[in-house]
Amino acid sequence: MSGKTMIILALGFSIITSFLILKLNANSKEGLKTTVDHFESIQSRLIANSGAETYLEKMRRNKSLKGIFNNNVIMGGYYDIDISGPDSLLTITSTGYFDNAVHQSIIRASREPVELPPTLGALYIVSDVLGLQLNGNLDIGGTDKNTDGTLGPEPALPGVVLDDPSDSAYFINNIKSKIANDIEGFGGSPSVYSTPDTTDWEAVVMNTIFAADITVPSGTYSSGTFGTPTDPKITFMNGEIHLSGTCQGDGIMIINGNLTMSGDFTYRGIILVYDKSTIDCQITGNGGVYGTTILVGSNVDLHATGNAGFYYSSQALKNAQLNLKSSRFDIASWWE
Amino acid sequence: MNVVLDLVGSVIIAGLLLLMMFNANTYQSNTRFASDSELQMQQNAKTLADIVSYDLRKIGYECKTNPFLVADSERVSYYADINRDGIQDVVTYYISDTTRASSTPNPEDRVLIRIVNNDTIAGPSLGLTKVRFSYYNDVGTPTSDFNEIRFVKAELWIESVESVDNEYLFTYWELTISPRNI
Chain A
-7 MSGKTMIILA LGFSIITSFL ILKLNANSKE GLKTTVDHFE SIQSRLIANS
43 GAETYLEKMR RNKSLKGIFN NNVIMGGYYD IDISGPDSLL TITSTGYFDN
93 AVHQSIIRAS REPVELPPTL GALYIVSDVL GLQLNGNLDI GGTDKNTDGT
143 LGPEPALPGV VLDDPSDSAY FINNIKSKIA NDIEGFGGSP SVYSTPDTTD
193 WEAVVMNTIF AADITVPSGT YSSGTFGTPT DPKITFMNGE IHLSGTCQGD
243 GIMIINGNLT MSGDFTYRGI ILVYDKSTID CQITGNGGVY GTTILVGSNV
293 DLHATGNAGF YYSSQALKNA QLNLKSSRFD IASWWE
Chain B
68 MNVVLDLVGS VIIAGLLLLM MFNANTYQSN TRFASDSELQ MQQNAKTLAD
118 IVSYDLRKIG YECKTNPFLV ADSERVSYYA DINRDGIQDV VTYYISDTTR
168 ASSTPNPEDR VLIRIVNNDT IAGPSLGLTK VRFSYYNDVG TPTSDFNEIR
218 FVKAELWIES VESVDNEYLF TYWELTISPR NI
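Protein chains in written order, with this note's numbering: chain A, -7 to 328; chain B, 68 to 249.
There could be a bad hint or two in this list.
Stated by the list, open to error - Some chain B residues close to chain A (C-beta under 7 Å, calculated; not the full set):
| no. | residue |
| --- | --- |
| 1 | Leu84 |
| 2 | Met88 |
| 3 | Ala91 |
| 4 | Asn92 |
| 5 | Arg99 |
| 6 | Ser102 |
| 7 | Gln110 |
| 8 | Asp122 |
| 9 | Lys131 |
| 10 | Asn133 |
| 11 | Lys197 |
| 12 | Arg247 |
| 13 | Asn248 |
Hints are computed from structural coordinates only; laboratory data are not their basis. Cβ atoms here follow ideal geometry from the backbone N, Cα and C, with glycine treated the same way.
With the sequences and hints as input, model every part of the structure.
In structure tokens form, the structure reads like this:
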């Protein structure tokens, strides 16, 4: 056999083998591309969903968060967010990018309203053991009063409500006649009634703390504002709290611990003092609470001197309900 | 005489070499065909999985009540605003019998039927031979109670449309989806 024939045969085999290898390589690449495309598609969807969830969490903390936020890097890709609409009809559009894959998730949601604790009177005390030491010119009014001191539109509530009939009897029997006359509201003076407590206070407190706008530690606060009438806040105070001076606020104030009020501290909304064990509540000075004040604990000691006032105010409560924003969202639909 | 022997020998050797070349070419063709079939099956499986995944993720979208109409192993039917036009659609998935895909060489393949309202969409077979839907509650226990369904699992059995060496290539694709709107 000649050398030429050998060369022709060798070339022929080489060409056939090369075609085969090229074809197998091409198919292998195409198969890999199919797998990679699928992975990228899934990854872009996960990025878009993660972006939406991340911004829902941010909106929980920043209650006025709206707008467009682009190029948020995550999981080897990035996402763009567009938050629009009022709190009652939010649209969150999250577009995830991963290499060549793009995925859009569209979420319709609404911010749930704040669940206010029940309002039964100007002062509501829930306790197993009650200690009282009320002096001075304490003024407790269940008659609806606006925050400017004028009469409100709603029917009067009791001035003081306790969770047990024996507590209300104890309360009436342990206050001076002058203070008894100053506890006004539903039924006349002293307006002291009892209502069985059916509220899960820990749940109420936890839900409210979850939505807190302001969180402050133990200490004395003699100035500053914890919300305004046009922008009420949910304030969470943890520990020994002393509110004094010209300090004031609007909204809901949760105090997990003991409270001392002095000076001209004024609050419009709900003050809820809560502790599983003992609450020591000392009230001096000339401050006032318009709305409702709630004391919840296994032992509640209430000491009052000075000219402090506790008034039921439907105006302050409605303002809180209308303007406070919760941190919970109702997800109406999620397109992914 | 030697010349004749040389010629005969050369012809035999040349014939053997040509036969080898022919065999190599045939082998190359078969391998290419098998590789093409495998690639096509892989792409078909991905296409089917993408379609099913896309639609199952929309279960209950913009639906205020329980979205399930049918939820058994061979058929799933549910409400969803599948085209985001603000109108509820009824989406149904099930698998046809083998006659629907009788034009393909594979005797076992079927067609995945997708019905949106009354509009039936049945594409090519794509080698699908079996589909099974199963439903799970929030802790992963199988359930048939529509109100408890939180996860939907779709299992797809896919074969190559054409046989390779008298056998059909086979693959299995499983996807478990937690629709966000239920």
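Each hint, compared with the structure:
1. Below 7 Å, beta-carbon pairs count as interface contacts, and B/Leu84 has one with chain A at about 6 Å; its hint therefore holds.
2. Using the Cβ-Cβ criterion of 7 Å, the hint placing B/Met88 at the interface with chain A is satisfied: the shortest such distance is roughly 6 Å.
3. Hint status for B/Ala91 relative to chain A: holds, with the closest Cβ pair at about 5 Å, below 7 Å.
4. Of the supplied interface hints, the one on B/Asn92 holds, with its beta-carbon coming within about 6 Å of a beta-carbon of chain A, less than 7 Å.
5. A least Cβ separation of about 5 Å between B/Arg99 and chain A falls short of the 7 Å threshold, and the interface hint therefore holds.
6. Taken as an interface hint, B/Ser102 checks out: its beta carbon lies about 4 Å from the nearest beta carbon of chain A, inside 7 Å.
7. The closest approach between the C-beta of B/Gln110 and any C-beta of chain A is roughly 5 Å, which is under the 7 Å cut-off, so the hint is satisfied.
8. Against a cut-off of 7 Å between C-beta atoms, the interface hint on B/Asp122 is violated, since the closest Cβ of chain A lies about 12 Å away.
9. Among the interface hints, the one on B/Lys131 is violated; its C-beta lies about 9 Å from the nearest C-beta in chain A, farther than the 7 Å criterion.
10. With a least beta-carbon distance of about 15 Å to chain A, the hint placing B/Asn133 at the interface is violated under the 7 Å criterion.
11. Interface restraint check for B/Lys197: the shortest CB-CB distance to chain A comes to about 21 Å, outside 7 Å, so the restraint is violated.
12. Interface hint at B/Arg247: satisfied, since its Cβ lies 4 Å from the closest Cβ of chain A, which is below the 7 Å cut-off.
13. Evaluation of the B/Asn248 hint against chain A yields a held restraint, the C-beta minimum of about 6 Å falling below 7 Å.
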